[in-house]
Amino acid sequence: MKLENGPRLHNPWGFIVVAVVSATVVIAFGLGFLLLPRYQEPRAPFSTKDAVYHALGFHIHGKAFNTMQPPPKVPTYIAWTESTIRQATIGDRKSGEFIATNCTACHGEKGLSTQPWIPSLAGLDRLVLYKQLDDFRSGTRLSGPMSAIAQSLTSQQYADVSAYFASLPGLPENRGERTPRPHSSYRNRDPVQRLIYAGDPKRGIAACASCHGPGGYRIGAPALAKQNELYLEQQLQAFALGTRANDMDMPMRTIASALTESEIRALARAYANENANGP
Amino acid sequence: MADQLNNEGAAGLIPEPVIVKTERRWFLAMAAMLGVMLAVIVLTGIGQMLHPLSDVETIDPATLHLQGEFVESNLGSALEPDGSITVRIIAEQYMFVPHCAVVPASTPVRFRLTSADVTHGFFVQSTNTNAMVVPGYVTNVRTSFESPGTYQMPCDEFCGFGHHAMAARVVVVPKDQFKNLRPDERMNCGTQ
Numbered sequence: 001m002k003l004e005n006g007p008r009l010h011n012p013w014g015f016i017v018v019a020v021v022s023a024t025v026v027i028a029f030g031l032g033f034l035l036l037p038r039y040q041e042p043r044a045p046f047s048t049k050d051a052v053y054h055a056l057g058f059h060i061h062g063k064a065f066n067t068m069q070p071p072p073k074v075p076t077y078i079a080w081t082e083s084t085i086r087q088a089t090i091g092d093r094k095s096g097e098f099i100a101t102n103c104t105a106c107h108g109e110k111g112l113s114t115q116p117w118i119p120s121l122a123g124l125d126r127l128v129l130y131k132q133l134d135d136f137r138s139g140t141r142l143s144g145p146m147s148a149i150a151q152s153l154t155s156q157q158y159a160d161v162s163a164y165f166a167s168l169p170g171l172p173e174n175r176g177e178r179t180p181r182p183h184s185s186y187r188n189r190d191p192v193q194r195l196i197y198a199g200d201p202k203r204g205i206a207a208c209a210s211c212h213g214p215g216g217y218r219i220g221a222p223a224l225a226k227q228n229e230l231y232l233e234q235q236l237q238a239f240a241l242g243t244r245a246n247d248m249d250m251p252m253r254t255i256a257s258a259l260t261e262s263e264i265r266a267l268a269r270a271y272a273n274e275n276a277n278g279p
Numbered sequence: 001m002a003d004q005l006n007n008e009g010a011a012g013l014i015p016e017p018v019i020v021k022t023e024r025r026w027f028l029a030m031a032a033m034l035g036v037m038l039a040v041i042v043l044t045g046i047g048q049m050l051h052p053l054s055d056v057e058t059i060d061p062a063t064l065h066l067q068g069e070f071v072e073s074n075l076g077s078a079l080e081p082d083g084s085i086t087v088r089i090i091a092e093q094y095m096f097v098p099h100c101a102v103v104p105a106s107t108p109v110r111f112r113l114t115s116a117d118v119t120h121g122f123f124v125q126s127t128n129t130n131a132m133v134v135p136g137y138v139t140n141v142r143t144s145f146e147s148p149g150t151y152q153m154p155c156d157e158f159c160g161f162g163h164h165a166m167a168a169r170v171v172v173v174p175k176d177q178f179k180n181l182r183p184d185e186r187m188n189c190g191t192q
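So the protein lines, in turn, are chains C and V. Under our numbering, the first residue of the first sequence is numbered 1, with each subsequent residue one higher. Under our numbering, the first residue of the second sequence is numbered 1, with each subsequent residue one higher.
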């Protein structure tokens, strides 16, 4: 360090740094916004402007990628948007109780059905009940009596009656059930319990409990413990055959069609006989 | 302590040029190690054709089943006019829909995935594909399969309770066999 010469007046480093940084920015812009979006996609002949838009994430891919557009088959008209969830959860329990007098003949006095092919509703999640009512109305889930009933109600009344049934004691509510049960692992000797709690990764079958509780919870998935056995079995078979097709993004049709006939029967029996605190 | 160090310095046990030389030697050693590590990253990236996704495409995860290219009837593998294959898959808790996709061998395949809920992972065994499937975005991956067979496609991004059982398959069939498949057979691998 020779300080006696004084500071240098012509320090080139300022210029060098600015030049290197600006060159990097220009080259990166050219690569990232112009060259890569244009030539990485062999079937997307973008103009320069479109290439920049595409790299920035704007929607211009409509014509480039949507080559297949058969008419959409809609499984349900419900989408779990914020407004739908708000609409489904603002129900009034009191007016719901009044509407529910129409339900008792089939679904039981306190939402606990005594007929094996009709589901119990007591304690089911509000969003589950609301979605099924809307599906009965729109015809994406088929049932003669339920379609007629759902068509005679408004969506506010769906929310009311859902709030009433959700408040009844009965089936365990799956909201808040987020703790896995002890012995819920592959080490369980019972193959049906293993399917419920651990799934079957070799066949890509997720554990029932990861969506239907106890343990996991997926929006729109009902709690199944203590549900009627025959009803569960029939619904699983309907999903497997595709005669019931109102599951959003097809989770139940995918899983049920991967199950064997005897597994479906065993699962229905296991869930029907399960108590709220686990097997 | 300080006294000791000063004494040592004053005693000149290690002359300054030696220290400078040692420092320079170790600096070069470190620079070489860093260079080797960076070279490993760059060369494996180029060699195995691992490249980050360059596309940003957005989509509404709540309404996949109502509109757009991920409606039910549009899922699975589709033959494009130019002979390539596009496979559209929804990743959701805790499965891929469709569960199994059939594609022909030695053909450019484009996977287009999106998530209906949380972040999932997309990875097909023994290929150069490996990408996150993020809700709100479309993951667009191109690859091709040389040999027919069944390829496992597990979710490789922890996504919740049922993550460990979330896996799908890609069945690669010979090119001429693929042409004879019905559209529904292409989507779900038939009865397996």
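Source of the hints: derived by calculation from the structure; they are not laboratory data. Please read these numbers as outputs of a predicted model, since none were measured by experiment. A few of these clues could be false.
[Unchecked claim] Simulated restraints on C-beta separations:
#1 C:Ile27 / V:Asp176: 43 to 51 Å
#2 V:Pro108 / C:Cys106: 25 to 33 Å
#3 V:Ile41 / C:Glu261: 50 to 58 Å
#4 C:Leu56 / V:Asn130: 23 to 31 Å
#5 C:Val18 / V:Gly35: 26 to 34 Å
[Unchecked claim] Under 10 Å between C-beta atoms, here's a sample of chain V residues computed to sit facing chain C:
#6 Gly35
#7 Asp60
#8 His65
#9 Gln93
#10 Thr119
#11 Phe123
#12 Tyr151
#13 Asp156
#14 His164
#15 Arg169
[Unchecked claim] According to the in silico footprint, chain V covers these stretches of chain C (three or more CB under 8 Å from chain V):
#16 10-19
#17 93-107
Glycine included, C-beta positions come from ideal geometry on N, C-alpha and C.
Practice problem: May I ask you to test the interface hint for Thr119 (chain V) with respect to chain C, counting a Cβ-Cβ separation under 10 Å as satisfied? | Solution: violated (15 Å)
Quiz item: How about Gly35 (chain V): closest beta carbon in chain C under 10 Å, or not?
Solution: For Gly35 (chain V), the interface hint is violated, since the closest Cβ of chain C sits about 20 Å away, which is over 10 Å.
Quiz item: Was the hint right that His164 (chain V) lines chain C, CB cutoff 10 Å?
Solution: Constraint on His164 (chain V) satisfied, holds at 6 Å.
Self-check item: Restraint satisfaction for Gln93 (chain V) [CB to CB of chain C, less than 10 Å]
Solution: Status holds, d = 6 Å.
Quiz item: Is the shortest C-beta separation between Asp60 (chain V) and chain C less than 10 Å?
Solution: It holds, given that the least Cβ distance between Asp60 (chain V) and chain C is near 8 Å, below 10 Å.
Quiz prompt | Cβ separation of Leu56 (chain C) and Asn130 (chain V), checked against the hinted range 23 to 31 Å | solution = At 25 Å between Cβs, range holds.
Quiz item: Was the hint right that Arg169 (chain V) lines chain C, CB cutoff 10 Å?
Solution: holds (7 Å)
Quiz item: Using the C-beta atoms of Ile41 (chain V) and Glu261 (chain C), is the stated range 50 to 58 Å upheld?
Solution: About 51 Å separates the Cβ atoms of Ile41 (chain V) and Glu261 (chain C), which means 50 to 58 Å holds.
Quiz item: Would the stated hint for Asp156 (chain V) survive a check requiring a Cβ distance to chain C of less than 10 Å?
Solution: violated (13 Å)
Quiz item: Would the stated hint for Tyr151 (chain V) survive a check requiring a Cβ distance to chain C of less than 10 Å?
Solution: Interface hint status for Tyr151 (chain V): violated (13 Å vs cutoff 10 Å).
Quiz item: CB of Val18 (chain C) to CB of Gly35 (chain V), is that within 26 to 34 Å?
Solution: holds (27 Å)
Exercise. With 25 to 33 Å as the target window, see if Pro108 (chain V) and Cys106 (chain C) comply at their CB atoms.
Key: Given about 55 Å between the Cβ atoms, the range is violated.
In this structure, the hints that do not hold are numbers 2, 6, 10, 11, 12, 13, 16, 17, in rising order.
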